[in-house]
Amino acid sequence: MKITRRRYQSADCQRISQFLVRHYQPDNLDGNWLRPAWDYMHSHPSLDETALDRIGIWEFEGKIVAVVHYESRLGEAFFECHPEYRFLKKELLQYAEENLYQLDKGEKKLRVYCNDFDLDFKSLLKAAGYDLLEQETRPLSRLTIPAEIPQPELPTGFQLASLAEENDLTKINQVLWRGFNHPGEAPREEEEGRKKMQSSPHFRKDLTIVIADPEGQFRAYCGFWIVPEQSYGMIEPLAVDPDFRRMGLARACVWEGVRRCRELGAETIYVGSDLPFYLSLGFQVLYRSRPWVSNSTRMG
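Numbering of the sequence shown is given in numbering that gives the first Met the number 0, commencing with residue 0 and proceeding in unit increments.
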């Protein structure tokens, strides 16, 4: 049988999710996305769902061996490969150029992400005329869960819980709005997006940690995802209201989530960040995925 290519269909969401788990290698050395990143992409309000059918899937004997996709919107490309099918990268790149570009003032634009250690793909991009961008680098950091997990310490009157105890979309909306540095009150219309963020089959309310102030308003939010089949968890997202930062809320959220993940069998926690906050907790940067850009001349 030959390798076949087709476009994404809605049923493929879970098939790709399973593919990412099946071919995961410790420290994410397979180079593919972690399953929580794929899940989070599909439940995020910013996802342009109108272009999902432009994602490309390669199969052999009915099994997925490679995928090329965007994250939020067209104009970016990410590549997931079975370890024995990395030779398809050139074909995947061509597909991305033909299907995942963004039109900007009549010109086709594409940003391709390549992991630091993927030297073959880096050489392919250079030969194809792509240029490396230093902006918008995507780090991946790892924490090996310690034997002794620090006990969360909270200011007087603050309470730590999970969405399993209180899943108030208005409070969630406000802390995420403020936590990502938007001023003022969160628009009520954003609440539908917060509801969508819980739509993934792998979203767990008991692993989504919140901290409430003495008046009961959420001031910190930290989502954890777990992949028990491969003994790891992942943080996405972490947000603290700017007026309540430097009070230990983020640290308390993270350690509580790490503790809960360990109880479910996790040995490792990942986060897509290299912020000093995470490094101070013991996370170590594994690698960075860097953007390479093409121009409309190559893509016709």
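Be aware that one or more of the hints could be misleading.
Pair by pair, the computed Cβ-Cβ distance ranges are [said to hold, decoys possible]: (1) Glu90 to Ala146: 30 to 40 Å; (2) Pro213 to Glu184: 16 to 26 Å; (3) Gln8 to Asp119: 24 to 34 Å; (4) Glu214 to Ala127: 25 to 35 Å; (5) Asp167 to Lys1: 50 to 60 Å; (6) Arg287 to Gln93: 23 to 33 Å; (7) Lys195 to Glu90: 44 to 54 Å; (8) Pro44 to Gly156: 29 to 39 Å; (9) Glu190 to Gly281: 34 to 44 Å; (10) Gly156 to Arg21: 22 to 32 Å; (11) Thr136 to Leu263: 28 to 38 Å; (12) Ile148 to Gly105: 22 to 32 Å; (13) Asp167 to Arg245: 45 to 55 Å.
In the DSSO-like style, the derived pairs of lysine-lysine whose C-alpha atoms are separated by at most 30 Å in a straight line are [as the list claims (entries may be wrong)]: (14) Lys88 to Lys121; (15) Lys62 to Lys1; (16) Lys88 to Lys108; (17) Lys62 to Lys121; (18) Lys125 to Lys88; (19) Lys170 to Lys195; (20) Lys104 to Lys125; (21) Lys121 to Lys107; (22) Lys104 to Lys121; (23) Lys88 to Lys107; (24) Lys125 to Lys108; (25) Lys204 to Lys194; (26) Lys88 to Lys104; (27) Lys89 to Lys104; (28) Lys1 to Lys121; (29) Lys108 to Lys121; (30) Lys108 to Lys89; (31) Lys125 to Lys89; (32) Lys104 to Lys1; (33) Lys89 to Lys107; (34) Lys125 to Lys107; (35) Lys170 to Lys194; (36) Lys62 to Lys88; (37) Lys89 to Lys1; (38) Lys170 to Lys204.
These are computed hints drawn from the structure, not numbers from a lab. Think of the CB as a built atom: it goes at the ideal place given N, C-alpha and C, for glycine as much as any other residue.
Right, here's what the structure says about each hint:
| no. | hint | in the structure |
| --- | --- | --- |
| 1 | Glu90 to Ala146: 30 to 40 Å | violated (46 Å) |
| 2 | Pro213 to Glu184: 16 to 26 Å | holds (20 Å) |
| 3 | Gln8 to Asp119: 24 to 34 Å | holds (30 Å) |
| 4 | Glu214 to Ala127: 25 to 35 Å | violated (56 Å) |
| 5 | Asp167 to Lys1: 50 to 60 Å | holds (53 Å) |
| 6 | Arg287 to Gln93: 23 to 33 Å | holds (25 Å) |
| 7 | Lys195 to Glu90: 44 to 54 Å | violated (33 Å) |
| 8 | Pro44 to Gly156: 29 to 39 Å | holds (32 Å) |
| 9 | Glu190 to Gly281: 34 to 44 Å | holds (35 Å) |
| 10 | Gly156 to Arg21: 22 to 32 Å | violated (46 Å) |
| 11 | Thr136 to Leu263: 28 to 38 Å | holds (31 Å) |
| 12 | Ile148 to Gly105: 22 to 32 Å | violated (54 Å) |
| 13 | Asp167 to Arg245: 45 to 55 Å | violated (25 Å) |
| 14 | Lys88 to Lys121 | holds (11 Å) |
| 15 | Lys62 to Lys1 | holds (12 Å) |
| 16 | Lys88 to Lys108 | holds (19 Å) |
| 17 | Lys62 to Lys121 | holds (27 Å) |
| 18 | Lys125 to Lys88 | holds (14 Å) |
| 19 | Lys170 to Lys195 | holds (15 Å) |
| 20 | Lys104 to Lys125 | holds (25 Å) |
| 21 | Lys121 to Lys107 | holds (21 Å) |
| 22 | Lys104 to Lys121 | holds (28 Å) |
| 23 | Lys88 to Lys107 | holds (20 Å) |
| 24 | Lys125 to Lys108 | holds (17 Å) |
| 25 | Lys204 to Lys194 | holds (12 Å) |
| 26 | Lys88 to Lys104 | holds (29 Å) |
| 27 | Lys89 to Lys104 | holds (27 Å) |
| 28 | Lys1 to Lys121 | holds (27 Å) |
| 29 | Lys108 to Lys121 | holds (19 Å) |
| 30 | Lys108 to Lys89 | holds (18 Å) |
| 31 | Lys125 to Lys89 | holds (12 Å) |
| 32 | Lys104 to Lys1 | violated (39 Å) |
| 33 | Lys89 to Lys107 | holds (19 Å) |
| 34 | Lys125 to Lys107 | holds (18 Å) |
| 35 | Lys170 to Lys194 | holds (12 Å) |
| 36 | Lys62 to Lys88 | holds (17 Å) |
| 37 | Lys89 to Lys1 | holds (17 Å) |
| 38 | Lys170 to Lys204 | holds (14 Å) |
Of the numbered hints stated above, those contradicted by the structure are hints 1, 4, 7, 10, 12, 13, 32, listed in ascending order.
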